[in-house]
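Please build the complete structure, drawing on both the sequences and the hints.
Residue numbers (this note's numbering), protein chains in the order written: chain C, 73 to 522; chain F, 73 to 522.
Hints may contain errors.
Since the list can't tell identical chains apart, any single copy or any two copies may satisfy a pair.
[Stated by the list, open to error] Derived DSBU-like pairs: lysine-lysine, alpha-carbon spacing no greater than 35 Å straight-line:
#  : residue 1 : residue 2
1  : K92       : K218
2  : K296      : K97
3  : K97       : K259
4  : K259      : K218
5  : K355      : K200
6  : K486      : K426
7  : K237      : K259
8  : K355      : K426
9  : K355      : K486
10 : K377      : K97
11 : K486      : K296
12 : K232      : K259
13 : K426      : K91
14 : K296      : K91
Calculated directly from the structure, the hints in this document are not laboratory data.
Number of protein chains: 2
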Amino acid sequence: MEKLKEDVTDIVALLLDEKKYADLKAILITMNAPDIAILMEELPEPRVPAAFRLLPKELAAETFVEMSPDSQELLVRAFTDVELHAILDEMYLDDAVDMIEELPANLVTRILRNADPKVRVAINELLKYPADSAGSIMTIEYVDLKRDMTVEQAFARIRKTGVDKETIYTCYVTDRNRVLLGIVTGKTLLLSEPNTIVGDIMETNIISVDTSEDKEVVAHQFDKYNFLALPVVDGENRLVGIITVDDAMDVLQDENTEDFSKMAAITPSEDSYFHTSVFTHAKNRILWLLILMLSSTVSGMIISKYEKAFSALPLLVSFLPMLMDTGGNCGAQSSTMIIRGLALDEIRPRDFFKAVFKEIRIALLCAAVLCIVNAARIMVFYHDFRMVIITCSTLMCTVTLAKSLGCCLPMLAKLLKLDPAIMASPLITTIVDACSVLLYFNIATRVLSL
Amino acid sequence: MEKLKEDVTDIVALLLDEKKYADLKAILITMNAPDIAILMEELPEPRVPAAFRLLPKELAAETFVEMSPDSQELLVRAFTDVELHAILDEMYLDDAVDMIEELPANLVTRILRNADPKVRVAINELLKYPADSAGSIMTIEYVDLKRDMTVEQAFARIRKTGVDKETIYTCYVTDRNRVLLGIVTGKTLLLSEPNTIVGDIMETNIISVDTSEDKEVVAHQFDKYNFLALPVVDGENRLVGIITVDDAMDVLQDENTEDFSKMAAITPSEDSYFHTSVFTHAKNRILWLLILMLSSTVSGMIISKYEKAFSALPLLVSFLPMLMDTGGNCGAQSSTMIIRGLALDEIRPRDFFKAVFKEIRIALLCAAVLCIVNAARIMVFYHDFRMVIITCSTLMCTVTLAKSLGCCLPMLAKLLKLDPAIMASPLITTIVDACSVLLYFNIATRVLSL
Chain C
73 MEKLKEDVTD IVALLLDEKK YADLKAILIT MNAPDIAILM EELPEPRVPA
123 AFRLLPKELA AETFVEMSPD SQELLVRAFT DVELHAILDE MYLDDAVDMI
173 EELPANLVTR ILRNADPKVR VAINELLKYP ADSAGSIMTI EYVDLKRDMT
223 VEQAFARIRK TGVDKETIYT CYVTDRNRVL LGIVTGKTLL LSEPNTIVGD
273 IMETNIISVD TSEDKEVVAH QFDKYNFLAL PVVDGENRLV GIITVDDAMD
323 VLQDENTEDF SKMAAITPSE DSYFHTSVFT HAKNRILWLL ILMLSSTVSG
373 MIISKYEKAF SALPLLVSFL PMLMDTGGNC GAQSSTMIIR GLALDEIRPR
423 DFFKAVFKEI RIALLCAAVL CIVNAARIMV FYHDFRMVII TCSTLMCTVT
473 LAKSLGCCLP MLAKLLKLDP AIMASPLITT IVDACSVLLY FNIATRVLSL
Chain F
73 MEKLKEDVTD IVALLLDEKK YADLKAILIT MNAPDIAILM EELPEPRVPA
123 AFRLLPKELA AETFVEMSPD SQELLVRAFT DVELHAILDE MYLDDAVDMI
173 EELPANLVTR ILRNADPKVR VAINELLKYP ADSAGSIMTI EYVDLKRDMT
223 VEQAFARIRK TGVDKETIYT CYVTDRNRVL LGIVTGKTLL LSEPNTIVGD
273 IMETNIISVD TSEDKEVVAH QFDKYNFLAL PVVDGENRLV GIITVDDAMD
323 VLQDENTEDF SKMAAITPSE DSYFHTSVFT HAKNRILWLL ILMLSSTVSG
373 MIISKYEKAF SALPLLVSFL PMLMDTGGNC GAQSSTMIIR GLALDEIRPR
423 DFFKAVFKEI RIALLCAAVL CIVNAARIMV FYHDFRMVII TCSTLMCTVT
473 LAKSLGCCLP MLAKLLKLDP AIMASPLITT IVDACSVLLY FNIATRVLSL
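Here you go:
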């Protein structure tokens, strides 16, 4: 596969060099838009517009939507006004809005100038919704039916208007004020008699979302209810748009990526790895690195208070990495399980005590096993029973503390309406480190009677 | 919302207590299957079968599919043979197979005995596919058309057979040997004239997957191409089933959960947090904790070799947590970005050097900022220029090393066909710890001329 892709890129570059446009076009039209988009990203920049112009109108629009913001900008700059108009004409409105949000202002002006007046108004309307809202990912291209239509009339309407709609498989029944009355699926319509009244077969027990609803919440509705599309309504229950499953899937993937970033102490970014500059990558990472570096000096300050202890028994210092790492790993395990459970709605804020109780029991089990192995190791290599007492009691406390904190902090964040993902491994490790160092030297001074 | 759900649970329990079944049924039938399933999970176990029996047949099957394996088992045990037959009759085959895979053997025998002979054969057929293959998540209930049918005949066939099909929005055109010739969407059929020949409007440039394809790869195809369904073929390109977008979304979410677990050094489990016992949780976590605990003793052994250094300058020890934590955090950031990029196909194995080069530049930028802040802090609090030299040069090396390893190890895992997610923060932290401790004391002994 991998090898094949490289070959195709080489062939395309060659055909462009030799200006064999007809052959190239013959290859491109057998491909799917997402694959053509990947291919275009691999071509040298100056060649992209030439290759893109070979695509038939519809495939061109589909490919354009799949390309990275950088390549879209490159193309928009290269397009004539006529070409720009043609592409906009073929694009779904929600895709056009997504693109516009990424482009510099002067190109946006040019795009809006080249759009049909109706499209321009619709785009401006959609641009008003906040970035993370249901409104920002919806499209206004849906099939609307009336309650008193027959199935036959419904099909006539779908045939007339359906070609430009993002989906025709879920149709929306509205009254004259655009208030959403019901939905009827293409399957129901197809399996009903032609003279059936739409109002009699529509589903009225509808799940809809408000334009201001968080898009992540919307994506989870798709995951939970297996929808193909979901209606978006305003405060008066008037239908303003629909969200389709492909957009929901993108949101779900973006949200997962965001959680991965946050949990690794990185400020999330929307761009892909290679489309983000070194400087931006560094900027996204440095803030948390600084915060965590400075807070880990607390552990250092605690250590320096116990100079006497580790001067008396230098072996004490050599168990620090083991204790700190194990505490960090235990915290990482619990916080990850809890953060993921909260994201998937498997754990709810009211399960707080149930979860903490569970984590404490897990911690005791894990700590017991770790202590046994640790004690055996120390007795075999160092024959020092005092170290067994000191390290095992510290381990016991650290593991329990790490797992409790790993459970409590994300849940508290959720209760405070913060994102639980920031309460992940790096932060918890830093807190647990300080506590375990304090515990360790305290226990050590007592056992060694210093 | 949260409050409302609790209220509903209380009301349902109350209605069950007072045997007000008609009222309860009236409430339940206004709800969606996933919500009823959640409600059932909250009821006391002995009440679940009584509540479940109130559901109309179709809703009962839909609800059953959404329930946890434990509750499904509880219900199957409570069902009479007639009830079991009725539920099986309403379920899609892929859902029935998913359920059977989770049940104990004696219940499976009972289920198969109560299924229609045709269904039994189909279930047995599907059970043969390996757990992570496309075959294991596909359904065999699709609409198949013939190439020489007219659109009108196609609709007649959809009307006749469509009610039991998982989707009617993508239809599959096969020849008499079931070889897949093309696909035609419901939209195309609806927008075509009744006497058009299916063979003329079908899409022949089809993306299909093999029954043995990894289900994660399949899920990514949905994400990339925005499909609603994908055909599954055997070695001879014969159509054996289809996979629908809702199942692909589930696979995508499961895969993300699996990555989160692995990256936190947890053996992944398929069950939800509260459906997994304390013992199983502990078992899933202890293996990596032990491995990492034992490997972190390497850092300890290195430290104990440098007793002389930290006896001479005890302040050295107090910077250990800062150095180890920062190294760990830097490694976590890089490995997370690379693992996620590989999972999303944004980073490919052949980008190895490009990625390493990028990470090194990011590392140098981050390290520079960290060193400046660290130097300032030490000069203000300790006025010790030697410590500035020692800690900053160690930081510089540790950060660069951590980010390079965080980049290389997941990519190497990918090249070796291993899962990159195991090369995540905990493992990298342990390796970086050992290296940074070694570097630190080496630099220290040189600077302090010990």
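Verification of the supplied hints:
For the identical chains of this complex, K92 and K218 are neighbours neither inside a copy (52 Å) nor across copies (38 Å), given an alpha-carbon limit of 35 Å. Proximity of K296 and K97 under a CA criterion of 35 Å is satisfied inter-copy only: 22 Å between copies versus 42 Å inside one chain copy. Within a single copy, K97 and K259 get their C-alpha atoms only as close as 37 Å, which misses the 35 Å cut-off; across copies the closest is 27 Å, which meets it. Proximity of K259 and K218 under a CA criterion of 35 Å is satisfied in both settings, with 17 Å inside one chain copy and 20 Å between copies.
In the homo-oligomer, the alpha carbons of K355 and K200 lie at most 35 Å apart inside one protomer (29 Å), although the nearest pairing across protomers, at 51 Å, exceeds that limit. Taking CA atoms no more than 35 Å apart as the test, K486 paired with K426 passes inside one copy only; the shortest distance there is 16 Å, against 38 Å between copies. Proximity of K237 to K259 under the C-alpha cut-off of 35 Å is found in both arrangements, the shortest distances being 17 Å within a copy and 10 Å between copies. Taking the closest pair of Cα atoms, K355 and K426 come within 35 Å of each other only across two copies (19 Å); inside a single copy the shortest separation is 39 Å, beyond that limit.
Within a single copy, K355 and K486 get their C-alpha atoms as close as 27 Å, and across copies as close as 27 Å, so both meet the 35 Å cut-off. For the identical chains of this complex, K377 and K97 are neighbours neither inside a copy (74 Å) nor across copies (68 Å), given an alpha-carbon limit of 35 Å. Taking CA atoms no more than 35 Å apart as the test, K486 paired with K296 passes in both settings, with 20 Å inside one copy and 32 Å between copies. Taking CA atoms no more than 35 Å apart as the test, K232 paired with K259 passes in both settings, with 18 Å inside one copy and 12 Å between copies.
Taking the shortest alpha-carbon separations for K426 and K91, only the inter-copy value of 30 Å comes in at or below 35 Å, while the best intra-copy value is 68 Å. Only between protomers do K296 and K91 lie at most 35 Å apart by alpha-carbon distance; the minimum there is 30 Å, versus 51 Å within a single protomer.
Hint violations for this structure: numbers 1 and 10, all remaining hints satisfied.
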